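Peer 1: Modelling step: build the complete structure from the supplied sequences, incorporating the hints.
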Amino acid sequence: MFVTLENLTIRYGSITAVDQASAEFPSGAVGLLGRNGAGKSSILRALLGLVLPHAGEMKILDFSPSDFEESRRHIGYMSEKDGYIAGLNGFEMVALAGEITGLPRRDAARRAHEVLYLVGLEEQRYREIAGYSAGMRQKVKLGTALVHDPDILFLDEPTNGLDPKGRKEMLGLIDFLAKDLGKSIILSSHILADVERVCHSVVLLEKGSVVAAGPLSELTRHEVRVFVVDIAGATTSPIEAFERHGALNIEPSGADRYRVTLPEDVGASSLFAAAVDCGAMVHRLVEHKRSLEDVFLGAVKEGIA
Amino acid sequence: MVIHGVRYRPLDYQPTSRWRRGWPIAWNEFRSMFKMRWGMGIFLFILCFVPSLISLGWQFIYHGAYQIDSDVPWIEVVVGRTPRLNPASISFYLDPILRESFWVFMVLTTLVSCRAVAKDRPTDALEIYWTRGISPWGYFLAKWAGSFLLMGTVFIAAPLVVWLVGVAMASDWTQLEDSLWFMPRVMVGLIFMTAVLTYAAVAFSAFSRTPNRSSLIWAFFILGTAAAGRVLSRVFRGEYSWKAIDPWDSSKRLVEWFAGVSPWEDYDPTAAFVCLGVTLALLTIGLYRRLRHVEVIA
Amino acid sequence: MTAAQDQSRTPPAASDSDAASLSFMSVSKWYGQISALSEVSFDVEPGVTGLVGQNGAGKSTIMKLAVGLSRPSQGEVLLSGGSPRDSGVRRTLGYCSDLDRYYERVSGRRFVTWMLRLQGFSAGQAAARAAETLEEFGLADAMDRAIGGYSKGMRQRVKLAQALAHEPKVVLLDEPLTGLDPVARHDIVELIRGLGERGKAILISSHVLHELQDVAEQFLLVHQGRLLAEGGLDELREQIEDRPRKIALRSRQPRAVAARLCAMPEIIGVRFTDDGIQVETKGGSDLFGRLTHIGAEAGGLIEEIHPVDDNLEAVFEYLTS
Numbered sequence: 001m002f003v004t005l006e007n008l009t010i011r012y013g014s015i016t017a018v019d020q021a022s023a024e025f026p027s028g029a030v031g032l033l034g035r036n037g038a039g040k041s042s043i044l045r046a047l048l049g050l051v052l053p054h055a056g057e058m059k060i061l062d063f064s065p066s067d068f069e070e071s072r073r074h075i076g077y078m079s080e081k082d083g084y085i086a087g088l089n090g091f092e093m094v095a096l097a098g099e100i101t102g103l104p105r106r107d108a109a110r111r112a113h114e115v116l117y118l119v120g121l122e123e124q125r126y127r128e129i130a131g132y133s134a135g136m137r138q139k140v141k142l143g144t145a146l147v148h149d150p151d152i153l154f155l156d157e158p159t160n161g162l163d164p165k166g167r168k169e170m171l172g173l174i175d176f177l178a179k180d181l182g183k184s185i186i187l188s189s190h191i192l193a194d195v196e197r198v199c200h201s202v203v204l205l206e207k208g209s210v211v212a213a214g215p216l217s218e219l220t221r222h223e224v225r226v227f228v229v230d231i232a233g234a235t236t237s238p239i240e241a242f243e244r245h246g247a248l249n250i251e252p253s254g255a256d257r258y259r260v261t262l263p264e265d266v267g268a269s270s271l272f273a274a275a276v277d278c279g280a281m282v283h284r285l286v287e288h289k290r291s292l293e294d295v296f297l298g299a300v301k302e303g304i305a
Numbered sequence: 001m002v003i004h005g006v007r008y009r010p011l012d013y014q015p016t017s018r019w020r021r022g023w024p025i026a027w028n029e030f031r032s033m034f035k036m037r038w039g040m041g042i043f044l045f046i047l048c049f050v051p052s053l054i055s056l057g058w059q060f061i062y063h064g065a066y067q068i069d070s071d072v073p074w075i076e077v078v079v080g081r082t083p084r085l086n087p088a089s090i091s092f093y094l095d096p097i098l099r100e101s102f103w104v105f106m107v108l109t110t111l112v113s114c115r116a117v118a119k120d121r122p123t124d125a126l127e128i129y130w131t132r133g134i135s136p137w138g139y140f141l142a143k144w145a146g147s148f149l150l151m152g153t154v155f156i157a158a159p160l161v162v163w164l165v166g167v168a169m170a171s172d173w174t175q176l177e178d179s180l181w182f183m184p185r186v187m188v189g190l191i192f193m194t195a196v197l198t199y200a201a202v203a204f205s206a207f208s209r210t211p212n213r214s215s216l217i218w219a220f221f222i223l224g225t226a227a228a229g230r231v232l233s234r235v236f237r238g239e240y241s242w243k244a245i246d247p248w249d250s251s252k253r254l255v256e257w258f259a260g261v262s263p264w265e266d267y268d269p270t271a272a273f274v275c276l277g278v279t280l281a282l283l284t285i286g287l288y289r290r291l292r293h294v295e296v297i298a
Numbered sequence: 001m002t003a004a005q006d007q008s009r010t011p012p013a014a015s016d017s018d019a020a021s022l023s024f025m026s027v028s029k030w031y032g033q034i035s036a037l038s039e040v041s042f043d044v045e046p047g048v049t050g051l052v053g054q055n056g057a058g059k060s061t062i063m064k065l066a067v068g069l070s071r072p073s074q075g076e077v078l079l080s081g082g083s084p085r086d087s088g089v090r091r092t093l094g095y096c097s098d099l100d101r102y103y104e105r106v107s108g109r110r111f112v113t114w115m116l117r118l119q120g121f122s123a124g125q126a127a128a129r130a131a132e133t134l135e136e137f138g139l140a141d142a143m144d145r146a147i148g149g150y151s152k153g154m155r156q157r158v159k160l161a162q163a164l165a166h167e168p169k170v171v172l173l174d175e176p177l178t179g180l181d182p183v184a185r186h187d188i189v190e191l192i193r194g195l196g197e198r199g200k201a202i203l204i205s206s207h208v209l210h211e212l213q214d215v216a217e218q219f220l221l222v223h224q225g226r227l228l229a230e231g232g233l234d235e236l237r238e239q240i241e242d243r244p245r246k247i248a249l250r251s252r253q254p255r256a257v258a259a260r261l262c263a264m265p266e267i268i269g270v271r272f273t274d275d276g277i278q279v280e281t282k283g284g285s286d287l288f289g290r291l292t293h294i295g296a297e298a299g300g301l302i303e304e305i306h307p308v309d310d311n312l313e314a315v316f317e318y319l320t321s
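Residue numbers (our numbering), protein chains in the order written: chain A, 1 to 305; chain B, 1 to 298; chain C, 1 to 321.
Calculated directly from the structure, the hints in this document are not laboratory data. Computed from a predicted model, the values in this text were never measured in an experiment. Using N, Cα and C, we set each Cβ at its ideal position, and we do this for glycine too. Treat each hint with caution, since some may be false.
[Said to hold, decoys possible] To spell it out: a stretch of chain C is covered by chain A in this simulated footprint if at least three of its residues, at any positions, have a beta carbon under 8 Å from a beta carbon of chain A; those stretches are: (1) 176-185; (2) 205-215; (3) 259-273.
[Claimed, not checked] When the alpha-carbon atoms are kept at most 20 Å apart in a straight line, the in silico EDC-like pairs for lysine to aspartate or glutamate are as follows: (4) C:K152 with C:D86; (5) C:K169 with C:D86; (6) A:K207 with A:D156; (7) A:K168 with A:E157; (8) A:K59 with A:D151; (9) A:K179 with C:D275; (10) C:K152 with A:E287; (11) A:K179 with A:E196; (12) C:K246 with A:D230; (13) C:K246 with A:E287; (14) A:K179 with A:D151; (15) A:K289 with C:D274; (16) B:K35 with A:D151; (17) C:K152 with A:E157.
Peer 2: Written out as structure tokens, the structure is:
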């Protein structure tokens with residue numbers, strides 16, 4: 001666990017933003033999800049030392065978060081906001097960020113160049129940030145988060161404003177950081193597809209409390225084994241064929257598509273056998289899982305009730 | 001051939017001390033004067049040196065003429081009548097700053113110092129600075145240091161250079177002997193004044209949301225208190241203590257008192273001390289509220 | 001609504017009932033040297049159509065031309081059979097821009113009422129319609145509060161309300177889902193779908209492709225200022241059936257499966273992944289027959305088959321590479 005929260009409570013005046021939240025973030029990439037105002041940003045701010053919690057404990061690796069100047073050297077933060085320092089170009093800004101974190105000047109400059117190559121900012125690094133496009137800004141932000149080689153990264157909406165190509169690049173980078181470099185990442189995003197792509201676990205907040213947490217594979221599992229099968233060219237009835245091979249329930253869902261429930265002891269091969277039986281070809285066979293969106297909506301609507 | 005590749009390399013470094021970390025911020029503040037459009041900043045900065053350049057130029061004339069042609073009495077007459085042109089008097093070193101550089105102070109603080117913190121608000125730069133290795137107060141001190149460096153080149157370094165040049169050019173040590181008893185106090189006074197005025201301006205910049213607003217309010221504050229002080233001292237018939245409400249004037253008075261010079265419009269330095277102290281105290285109390293991490297969220 | 005009250009509204013410009021709701025006919029647009037659109041032609045019919053493309057591909061230019069904010073350099077834009085620069089025709093249009101700017105101190109109700117009055121409704125009608133639309137969009141409680149206090153989701157809903165309160169036939173939505181959390185997005189997607197079912201022609205522009213897949217039935221793909229492709233997703237996919245595609249197979253014995261498949265001439269590549277293999281094929285569907293037979297064998301060689309380029313993003317990438 002690289003971050004643990006225990007009964008964390010954060011208040012802004014009379015508003016309780018986070019209410020006795022407890023969660024563990026295992027190493028690797030973990031998604032932090034929640035509606036606007038559910039408390040995600042408050043938790044990140046508390047971990048960065050921007051807000052003092054009212055009650056509860058936080059632990060980041062071995063550090064006491066209250067010694068922020070020390071713990072921040074091990075955290076890289078990519079903010080949602082497009083902050084920049086007026087008058088500097090991309091390279092200068094990343095180098096400055098490094099120096100302020102504690103890097104000696106030359107190390108900071110050298111490191112800034114290396115990191116900017118990693119994120120894909122080429123000659124644009126010598127231009128002023130004020131003129132950057134959305135994609136370039138995100139790259140610079142990621143650069144400032146990586147310049148001091150932290151073990152932990154907090155990424156807040158990293159694909160904000162990016163077009164499909166940019167998103168793909170950014171997610172590829174994050175994947176690389178998590179899987180190849182072994183960095184521990186908390187990814188806070190509204191785009192569930194991004195979280196599904198990169199993270200292996202999530203922590204889901206609603207109204208300041210943790211309403212779901214755990215590995216994605218567990219959260220998206222169905223209680224029963226349902227398969228979605230696309231068939232083409234059947235000469236006899238597919239439904240009868242499925243029944244003969246042990247299906248519990250068969251539901252047509254769209255042209256040539258069926259949702260078939262199978263008992264525990266029957267495997268996918270029986271679905272293939274059924275297809276052969278009715279002279280059809282299987283174009284697609286997937287175990288139906290709940291999407292992260294379903295998990296999200298389900299957990300949140302319960303919270304409302 | 002050994003293939004090293006250009007993959008990501010982990011980093012090993014010796015973290016720098018807290019004070020060192022703020023240095024790039026201070027340096028950026030100093031440089032921001034020179035980054036203005038069309039070299040305007042450079043131009044203005046050079047203009048700031050005019051009073052000191054006049055003194056410097058006079059040093060050349062004084063020592064040069066004195067050496068070449070000792071029959072020229074006019075220099076002695078001029079020097080005797082105008083302390084401002086007498087390298088053996090305190091006025092030679094203080095007047096260029098205290099009497100002739102009010103506008104230098106206005107330009108440097110309005111264009112740089114009182115925008116220091118304010119310009120980081122609209123660009124969300126505070127979040128970048130404060131989520132790294134320095135505290136908000138460390139950041140403030142670095143900004144102050146930058147402004148101090150900038151104004152210090154005009155207010156501290158230039159008079160020092162003028163003096164050193166004079167001492168070096170003099171034909172004997174009389175120049176040095178004459179001025180050695182007051183120069184340390186002049187220097188301390190000027191350092192004090194630069195520090196206090198830049199502190200006030202940078203502290204001011206912490207309260208506004210945008211740099212232009214900050215410049216405007218600062219300019220009004222300084223010019224307003226200066227004008228008000230003058231008017232009130234006339235109204236109260238020569239009660240010049242009213243001028244102390246202007247931070248420029250009160251720090252000027254304190255420097256003069258410390259260096260042992262009597263100003264034209266004399267008043268009790270205690271008034272200056274109190275007014276300046278109150279202003280700085282109020283600003284510092286305000287800073288305690290504005291330099292908290294929570295500010296980033298607003 | 002009585003007939004007298006109806007008079008206060010100028011009827012929309014007469015249009016041929018067969019005409020598409022929005023038509024672009026060989027439209028080109030350039031700004032000085034910069035070419036934004038190059039001979040683009042399409043028709044938008046009732047239902048939900050997604051306009052996708054990268055940043056700078058021409059989506060916002062299309063929106064601007066459709067709304068009448070600028071004129072095409074070449075070609076013609078027809079909205080409900082008339083020119084979008086005609087204010088009568090514009091009454092049949094509802095536009096939701098991607099900007100998030102309001103008069104923050106005004107209440108939602110007042111804002112929508114004003115917008116309706118600008119359309120030509122009388123005071124009483126405008127107020128009634130505004131309230132009705134805001135209720136329909138779930139802002140019944142919030143409509144009297146200042147917009148400045150609304151959440152992002154609510155702001156988007158006010159925008160939608162002002163675009164729809166006058167019952168337009170054509171609705172243009174520019175990036176309506178940005179910045180919304182999943183719940184808000186789900187709600188607005190439902191709203192938009194409902195509108196499509198009511199027979200309105202809706203054009204949604206977005207650069208987050210997978211979001212549009214849930215909402216739109218028809219798509220317009222733009223790239224480099226040109227219309228790259230148009231149609232339903234299934235049609236689009238079918239079009240690329242005969243082209244090289246990738247299929248992912250989950251298997252615990254990937255090498256055995258790979259060995260069986262490599263003999264087929266259609267296979268042009270096999271890649272081993274974490275949980276199976278990814279097969280690249282030249283085209284044609286013989287492969288599936290083969291996979292079905294392999295899968296039916298005892299021993300459960302194949303656990304899952306899923307075509308990798310099944311979604312809009314994959315199609316788009318394939319087409320633009």
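Peer 1: Against each hint, give a clear statement of whether it holds in the structure.
Peer 2: Hints versus structure:
1. 176-185: holds (count 7)
2. 205-215: Answer holds; 4 residues pass the 8 Å Cβ test.
3. 259-273: The restraint on the stretch 259-273 of chain C is violated, since only 0 of its residues have a Cβ under 8 Å from chain A and three are required.
4. C:K152 with C:D86: violated (32 Å)
5. C:K169 with C:D86: The hint holds at about 15 Å.
6. A:K207 with A:D156: holds (19 Å)
7. A:K168 with A:E157: holds (14 Å)
8. A:K59 with A:D151: Measuring from Cα to Cα gives roughly 14 Å; hence the hint holds.
9. A:K179 with C:D275: holds (16 Å)
10. C:K152 with A:E287: violated (36 Å)
11. A:K179 with A:E196: Distance of about 14 Å is within 20 Å: holds.
12. C:K246 with A:D230: The given pair, whose Cα atoms are some 17 Å apart, holds under the 20 Å limit.
13. C:K246 with A:E287: holds (19 Å)
14. A:K179 with A:D151: Between A:K179 and A:D151 the Cα gap is close to 13 Å, so the pair holds against 20 Å.
15. A:K289 with C:D274: holds (19 Å)
16. B:K35 with A:D151: violated (36 Å)
17. C:K152 with A:E157: Roughly 15 Å between the alpha carbons, so the hint for C:K152 and A:E157 holds.
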